[in-house]
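J.: Below, each chain spelled out in residue letters.
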Amino acid sequence: MKERTLKILALAISILTLPLLYIATDEKNSPTITGKVIGKRTIKQGEIITILTPLNVVVYTNTSIHPGQTLHAEGRITSYHNRIEFIAETYTTP
Amino acid sequence: MIDTLLGTLTGIATGIIPGLHPNLLATIAAQHSASEFFIIAAALAHTITSIFPLVFLTTTSPEYALGTHPIAALSNKGFAHEALKLLCLGAFTGLLFATILTPAFLFLIPHIRTQLQSHIPPTLLIAILFFILYEKNITQKCAALCTFLLTGMLGLIIFDSAINEPLFPLFTGLFGIPALLINIQTKKISVHQQTTDLIRPRMLTILTTLCASIASVLFVSFLPGISIAQSSLLATLFFPINQYNYLLLLGSTAVLDYYFSFLFAVLFSKTRNGVFEIIGPSHFSTTTVIPVLGIMLFATSTAVLATLSIATPFRKLLTRIPHQTLHSSVLLFLCIMTLIISGLPGILVLITATIIGFLPILFNTSRTHLMGCLLLPLLVHFFH
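Chains as they are written, first to last, in our numbering: chain B, 371 to 464; chain P, 778 to 1161.
I should point out that these hints are in silico values taken from the structure, not numbers from a laboratory. Careful: at least some of the hints might be erroneous.
As the list claims (entries may be wrong) - Restricting the straight-line Cα-Cα distance to at most 27 Å, the calculated cross-link-like pairs of lysine-lysine (DSS-like) are:
hint, chain 1, residue 1, chain 2, residue 2
1, P, Lys-854, B, Lys-377
2, B, Lys-372, P, Lys-854
3, P, Lys-1047, P, Lys-854
All figures in this text were calculated on a predicted structure; none of them were measured in a lab.
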């Protein structure tokens, strides 16, 4: 097989898998949480905040949020060893 | 999808750093809460582009531990690009071929496992003895046995300890640091490298090699602790593999390790691959087969395309950087990472593992005996 053939095949597979990835790793089906921010002080930008929901969850955000605020967040759940985290990708504070 | 794209780009960039293992990349990504899609794409792309340092800087990673000779043979003649192309071809076609066969594997693997399960401990013991006795002379056989036992004892000690992420300093010490130190000490002989396309394997040759790699990787997937490099050796015993086809075999086995580890995670929630272990094998089910295989195909094909496209400018850039400075920087980086991840006990493991890691180099034996660090604890577990 020529190197050029390999390059064309690799390019074709890269392009063909893109729509599959878009559909299969659909990020529109993200889990959502709603709860109150707990803590004693205003959480600064980039800090981890804890949300009081039926289950307490830790959320990573990139804006400042005040304790007592209600947060509705949409994101994804990740886990690393025995720790489970919720990463908020979009959120509103009504 | 964005995670996959970012992961692929990250893997392509990190793969060119010599001595950096995909497991370290996965550990760092997981600690920063990266998604599993990012981690898989990064690890696959990293595995492909790690062919660069393998071919142009001769730092050998554990996946390719048996494969240094054909690469060195081509590199010394100025045909390193041919080695790079064959490894990429093996990786790309191997994953593509296996992906087509996925429904058959999902059906067959549980049946094979049921038949093999009770025979795994004796098969593992026979495989270990075979690899030790496969060494050429009595000195090398004894050295292989000593290496196996020493790494095994180190494995037993660290798995019983409270060291954080013990596999990182262990594998870095056994496989990474000795090769880096040798490369720092060795004065690099400059061979003029050419960008050629002379070795063109035929379709039948590619298919035979892919069948060999699939059969061997599938077989060792049932045997915990046996490395992928050892599967390549097994394939050469049962299939007609010549020097150049061996590079196809090495390329495909490195990627098929991820593929079969993923299928085992889906079917049994168990895996032998460090990257899937870091993500957590219970993350995967039959519903994740299509997205994850899509990610694997995308990351592999994009990384193959990138590797072949930037090979020539990258090689020219490498000749300008003093190789001792490059390897020393990586060595320092790995030591700092060990200190951050595993602390001072990790440094102790790193030093001990590095000393043991020199044994195969001193006695000219296969470095795969260093996998005793996983195999001896497993044998103790099976026969205790």
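J.: For each hint, tell me whether it holds in the structure or not.
T.: To see whether the hints hold, each was checked on the structure:
The straight-line distance between the Cα atoms of Lys-854 of chain P and Lys-377 of chain B is roughly 24 Å, inside the 27 Å bound, and the hint therefore holds. As the CA atoms of Lys-372 of chain B and Lys-854 of chain P are separated by approximately 20 Å, the hinted pair is consistent with the 27 Å bound. A C-alpha spacing of about 43 Å is found between Lys-1047 of chain P and Lys-854 of chain P, which places the hinted pair above 27 Å, so the restraint is violated.
Violated hint for the displayed structure: number 3, the only one.
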